[in-house]
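Student: Just so we're aligned, residue 0 is where the sequence shown starts under numbering that gives the first Met the number 0, counting upward by one.
Be aware that one or more of the hints could be misleading.
Heads up, simulated EDC-like pairs for lysine to aspartate or glutamate below, C-alpha to C-alpha not over 20 Å straight-line [to be verified]: (1) K26 to E94; (2) K63 to E94; (3) K98 to E68; (4) K63 to E51; (5) K30 to E18; (6) K30 to E103; (7) K30 to D46; (8) K127 to E51; (9) K30 to E131; (10) K63 to E131; (11) K30 to E68; (12) K98 to E51; (13) K127 to E18; (14) K26 to E96; (15) K127 to E145; (16) K63 to D46; (17) K63 to D1; (18) K127 to D46; (19) K98 to D46; (20) K30 to E94; (21) K30 to D1.
Label pairs and their computed distance ranges (CB to CB) [stated by the list, open to error]: (22) D95 to F4: 34 to 44 Å; (23) D95 to E68: 24 to 34 Å; (24) A99 to E145: 15 to 25 Å; (25) N128 to E18: 23 to 33 Å; (26) T80 to A132: 32 to 42 Å; (27) G39 to E96: 18 to 28 Å; (28) R100 to D8: 17 to 27 Å.
Read the hints as simulated data drawn from the structure, not as lab findings. C-beta: ideal position from N, C-alpha, C; glycine also.
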Amino acid sequence: MDFNFNQVDIHHLLQLILERNAALQQKYQVKFHFISHAAGNVECWLDPYRFEQVITNLLSNAAKFSPRESSVTITLSSSGTHALISVRDEGRGIEDEFKARIFERFSQEDSSDTRSHEGTGLGLHISKNIVEAFQGSISFESSLGEGTTFFVQLPLMQKQLAL
């Protein structure tokens, strides 16, 4: 996998990614909500194309597994050292038996011939590899009947000290 690293304002890039994925809202009849708790620019060293690939995968999964007329909430916050992006859906949640395998290649919760959602089972595996290449981490919380939240944590650009 090739990367083209740049200094990127995550807040601005997330807004662009949401605009580019507006069709998902119509296709799955859900509404995206973006909330930023970050003051000013949130700059990270990453490949914007690959970051978009990760966020698009999370948005697509959230929309796909959410009931119609529900919300998918994207939140951005930052600490002194990291940016945290969360994508929360109002879907049915993830079965406990599947949680340990969720980032494995070709892993799908419903792998039967009659499954109701399209996909290859590669998206979260690829997303994890991309986020780790950014020196970040990806994790999730999920409870049946309460939805799922995916978290992407990325190191912030450290300001150069004047000599």
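Student: Now tell me if each hint is right for this structure.
Tutor: Now for the hints, and whether the structure bears them out:
1. K26 to E94: Violated, at about 25 Å.
2. K63 to E94: holds (16 Å)
3. K98 to E68: Given pair K98, E68 is violated - Cα atoms ~26 Å apart, limit 20 Å.
4. K63 to E51: holds (18 Å)
5. K30 to E18: Holds. K30 to E18 sits at ~12 Å (cutoff 20 Å).
6. K30 to E103: It is violated: about 29 Å lies between the C-alpha atoms, which goes past 20 Å.
7. K30 to D46: violated (27 Å)
8. K127 to E51: The hint holds at about 13 Å.
9. K30 to E131: violated (29 Å)
10. K63 to E131: violated (25 Å)
11. K30 to E68: holds (7 Å)
12. K98 to E51: violated (24 Å)
13. K127 to E18: Since the Cα atoms of K127 and E18 sit roughly 23 Å apart, the hinted pair is violated (cutoff 20 Å).
14. K26 to E96: violated (29 Å)
15. K127 to E145: Not OK: K127 and E145 at ~23 Å, beyond 20 Å, violated.
16. K63 to D46: violated (26 Å)
17. K63 to D1: violated (28 Å)
18. K127 to D46: Answer holds: K127 to D46 is near 14 Å, not above 20 Å.
19. K98 to D46: Violated, at roughly 28 Å.
20. K30 to E94: Given pair K30, E94 is violated - Cα atoms ~24 Å apart, limit 20 Å.
21. K30 to D1: Violated, because 33 Å separates the two Cα atoms, which is more than 20 Å.
22. D95 to F4: 34 to 44 Å: Since the Cβ atoms of D95 and F4 sit about 37 Å apart, the hinted range of 34 to 44 Å holds.
23. D95 to E68: 24 to 34 Å: Because 27 Å falls inside the window, the suggested range holds.
24. A99 to E145: 15 to 25 Å: holds (19 Å)
25. N128 to E18: 23 to 33 Å: holds (26 Å)
26. T80 to A132: 32 to 42 Å: Violated: the Cβ-Cβ distance is about 18 Å, outside 32 to 42 Å.
27. G39 to E96: 18 to 28 Å: The hinted range 18 to 28 Å is violated for G39 and E96, with Cβ atoms some 43 Å apart.
28. R100 to D8: 17 to 27 Å: Because 35 Å falls outside the window, the suggested range is violated.
Violation of the numbered hints given earlier is confined to hints 1, 3, 6, 7, 9, 10, 12, 13, 14, 15, 16, 17, 19, 20, 21, 26, 27 and 28; the remaining hints are satisfied by the structure.
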